[in-house]
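Just so you know, the sequences run in chain order U and R. Read in the UniProt record's numbering, the first sequence has 339 at position 339, and its numbers run on one by one without any break. Read in the UniProt record's numbering, the second sequence has 226 at position 226, and its numbers run on one by one without any break.
One should not assume that every hint holds.
You can't tell identical chains apart in this list, so a pair holds if it fits in one copy or across any two.
As the list claims (entries may be wrong) - Think about it this way: if two alpha-carbon atoms lie no more than 27 Å apart in a straight line, the pair counts; the simulated BS3-like pairs of lysine-lysine are:
#1 Lys215 with Lys201
#2 Lys363 with Lys201
#3 Lys249 with Lys363
#4 Lys201 with Lys249
#5 Lys215 with Lys249
#6 Lys302 with Lys363
#7 Lys302 with Lys249
#8 Lys363 with Lys23
#9 Lys52 with Lys249
#10 Lys23 with Lys308
#11 Lys52 with Lys302
#12 Lys308 with Lys52
#13 Lys308 with Lys249
#14 Lys201 with Lys52
#15 Lys215 with Lys52
#16 Lys302 with Lys23
#17 Lys23 with Lys201
Simulated from the structure, these hints should not be mistaken for lab results.
Protein chains: 2
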Amino acid sequence: MDIAVNTTNPETLVADLAREGRKAQAVLSRMSDADRASALHSAAAALREDRKTILAANADDIAAGEASGLTGAMLDRLRLDTDRLAAIADAVDSVADLPTPVGQVISRDERPNGLVIERVRIPIGLIGIIYESRPNVTADAAALCLKSGNAALLRGGSEAVRSNRAIEAAFARGLESAGVPAAAIQLMPTQDRAAVGAMLKAAGLIDMIVPRGGKGLVARVQADARVPVLAHLDGICHTYVHSAADPVKARALAVNAKMRRTGICGAMETLLIDTAFPEAAELVADVIDAGCEVRGDERAQKLDSRIKPATDEDWDTEYLDAILSVAMVDGIDEALAHISAHSSGHTDVIVTEDAGAEDRFLKEVDSAIVMTNASSQFADGGEFGLGAEIGIATGRLHARGPVALEGLTTYKWLVRGTGQTRP
Amino acid sequence: MDIAVNTTNPETLVADLAREGRKAQAVLSRMSDADRASALHSAAAALREDRKTILAANADDIAAGEASGLTGAMLDRLRLDTDRLAAIADAVDSVADLPTPVGQVISRDERPNGLVIERVRIPIGLIGIIYESRPNVTADAAALCLKSGNAALLRGGSEAVRSNRAIEAAFARGLESAGVPAAAIQLMPTQDRAAVGAMLKAAGLIDMIVPRGGKGLVARVQADARVPVLAHLDGICHTYVHSAADPVKARALAVNAKMRRTGICGAMETLLIDTAFPEAAELVADVIDAGCEVRGDERAQKLDSRIKPATDEDWDTEYLDAILSVAMVDGIDEALAHISAHSSGHTDVIVTEDAGAEDRFLKEVDSAIVMTNASSQFADGGEFGLGAEIGIATGRLHARGPVALEGLTTYKWLVRGTGQTRP
Chain U
1 MDIAVNTTNP ETLVADLARE GRKAQAVLSR MSDADRASAL HSAAAALRED RKTILAANAD
61 DIAAGEASGL TGAMLDRLRL DTDRLAAIAD AVDSVADLPT PVGQVISRDE RPNGLVIERV
121 RIPIGLIGII YESRPNVTAD AAALCLKSGN AALLRGGSEA VRSNRAIEAA FARGLESAGV
181 PAAAIQLMPT QDRAAVGAML KAAGLIDMIV PRGGKGLVAR VQADARVPVL AHLDGICHTY
241 VHSAADPVKA RALAVNAKMR RTGICGAMET LLIDTAFPEA AELVADVIDA GCEVRGDERA
301 QKLDSRIKPA TDEDWDTEYL DAILSVAMVD GIDEALAHIS AHSSGHTDVI VTEDAGAEDR
361 FLKEVDSAIV MTNASSQFAD GGEFGLGAEI GIATGRLHAR GPVALEGLTT YKWLVRGTGQ
421 TRP
Chain R
1 MDIAVNTTNP ETLVADLARE GRKAQAVLSR MSDADRASAL HSAAAALRED RKTILAANAD
61 DIAAGEASGL TGAMLDRLRL DTDRLAAIAD AVDSVADLPT PVGQVISRDE RPNGLVIERV
121 RIPIGLIGII YESRPNVTAD AAALCLKSGN AALLRGGSEA VRSNRAIEAA FARGLESAGV
181 PAAAIQLMPT QDRAAVGAML KAAGLIDMIV PRGGKGLVAR VQADARVPVL AHLDGICHTY
241 VHSAADPVKA RALAVNAKMR RTGICGAMET LLIDTAFPEA AELVADVIDA GCEVRGDERA
301 QKLDSRIKPA TDEDWDTEYL DAILSVAMVD GIDEALAHIS AHSSGHTDVI VTEDAGAEDR
361 FLKEVDSAIV MTNASSQFAD GGEFGLGAEI GIATGRLHAR GPVALEGLTT YKWLVRGTGQ
421 TRP
């Protein structure tokens, strides 16, 4: 890039990057899927070739992070090693081999006047990705955007800047060797926060922004963006154990939904137990015995002496930790009302053997993902068979739940005539 | 409605209306499609029953409009008569009988672990419609929203306020008699412009806003909205007459695309003529003879002495009138470049008998609707077989081109398990 970072203001910089990105996207969108796939395979190969450079850059990031006092968890998210880097390159190869939605005919109709009308999937255009410390996002997001024919403008966290630059350099070299303009995937050349602001305002230049990171980042992006945002702010996921739940399944599901990994957005944060469910005390004891702090409403507190009192705030809190709020509910109506009031619209689950309760829950819960008799931790594009995901969205338009390649496309209408004029 | 309009500020008013609307929507979304359809039929019947009241209210609007100096075109948009009102009621009946997208299974997958994963179409929620002088929008938009299981908050133009209130009163009475809460369709009870501002900012309360009206309205909505907007600002539609165009078809299509109705968004505004097309002069003469003013670039001016010179501005102007800009282009590359630079992304057309040129145009033009050998005036939900449309969108996300019932839905993921925990 020969864009003069130091001498331009953030709006000009973003406009320049967007223009280059959009030009590259026009080239990408004329390539075949096979050509886009082989460009991704050469990007994966370049990541492997540049292994030493990337790991050295990452070591510098880690050293700087240690010096500036990053927490152990942050350093762990930042750290790459041979295995993690191999996994990043493998993931790029996997995305390359996914079936593409681009070119798919969504609908086709031949009108009485002979017009043939099709809706065909096309790339969205230029996608902005704003993320924090995980350097793997650089390659993952780039691969998903490129596979779906989109260009990407990436802005990673300052703590990962050296790793991200090394990964982007390798990725871009791989793409170029396969005939894709390097500007198809651009990393913001400055860590100036004003450039993030300029991305958020760049309606018409950037078509969609996907924030990847903590709630602070997502909230800022959602508050300031004039560009459409695909994101979820919270994952306040509920599991409702219905009166007709199988106790064995319910107990296993509760422990798994909360404790398998407590820090992911699909982790259960609130457990609703029907007062008619016979093994409520055992259920809660299982979760506590697995190492979880439980905060209960008045009725739940009676189940186990180790339960702490919940405050009103608990019902609206995403702990992302080994903490669980538990409320007792009198039947499915009360469960549905609680979920309607407190769910963040991410993933909510019912455990029941009763088909009527199951149907009603599936129909009435208005979240992006509604599950029966399964762990909310399955809320993931890979588990849904989508191959990979760019993120999970809780908005109502365009795409919801796990968003993968299809969510990175839009469509256009193709109308083929033979000279028809409109009467 | 017992909402105290005079004593609340616009934000509180919109929040109150939205809360009532969302409650009604929850009821709607639990009804069957057959029940929603019969509610619409009873709304249509109520519109017919209230014929005299509605026409009297409209006569008052017309009288007020004449007194305040509305133009003839504006009065014509505002005016209802027995036939127009019958057509409005008939349109509600037609929408009632359209196939519903709600409940449609978009995809289904059974995972190796036994989870059955479906994506199912659901209503979006509460749709805001902001429109100008046409009172038919009150019933049309209400019917489309209700048929797709959505509630609507309508804000019509001040000049039509009496007509809109009478139509909404009849519509709501019809719905209520069929068991739908009247708040499913609410008309903003004040014409205070600050209430429009409050609608535009009501992210999380209103799920989507559709502006229906002139460019000034749409531009304001797009500039100020924090709620997602489905709209098109301009319809700068091109027709490119390729060297291999059939001259007979080309001449008929040009006249129809421009002159059938000059004031609609799908009307051609710019004609691109290939320098290798043999009947350029005849083509332009046909358009001029049909009563159109033609403004041409230097080469086009040589085709006919009646052509006026075009300025740079003409290529970016939506005339919505019997005016056409004409540019000569050397081949398809130049045509594609002109369209890429000046199209508003609404509808662009190629006229050609050459399959290669046709394919390339369909692939490379990035507009919501791309046509071959047909009049751009076909850009319409009814002509596309969608039954009716809420509007035409030129944005890239969610829905593009003519937006009908499907564009008023979103989806959720339903995951059915048998006790699966995630490893």
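- [ ] Just pull the numbers of the violated hints for me, sorted ascending.
- [x] Checked against the structure, the hints that fail are numbers 2, 4, 5, 6, 9, 10, 11, 12, 14, 15, 16, while the rest are satisfied.
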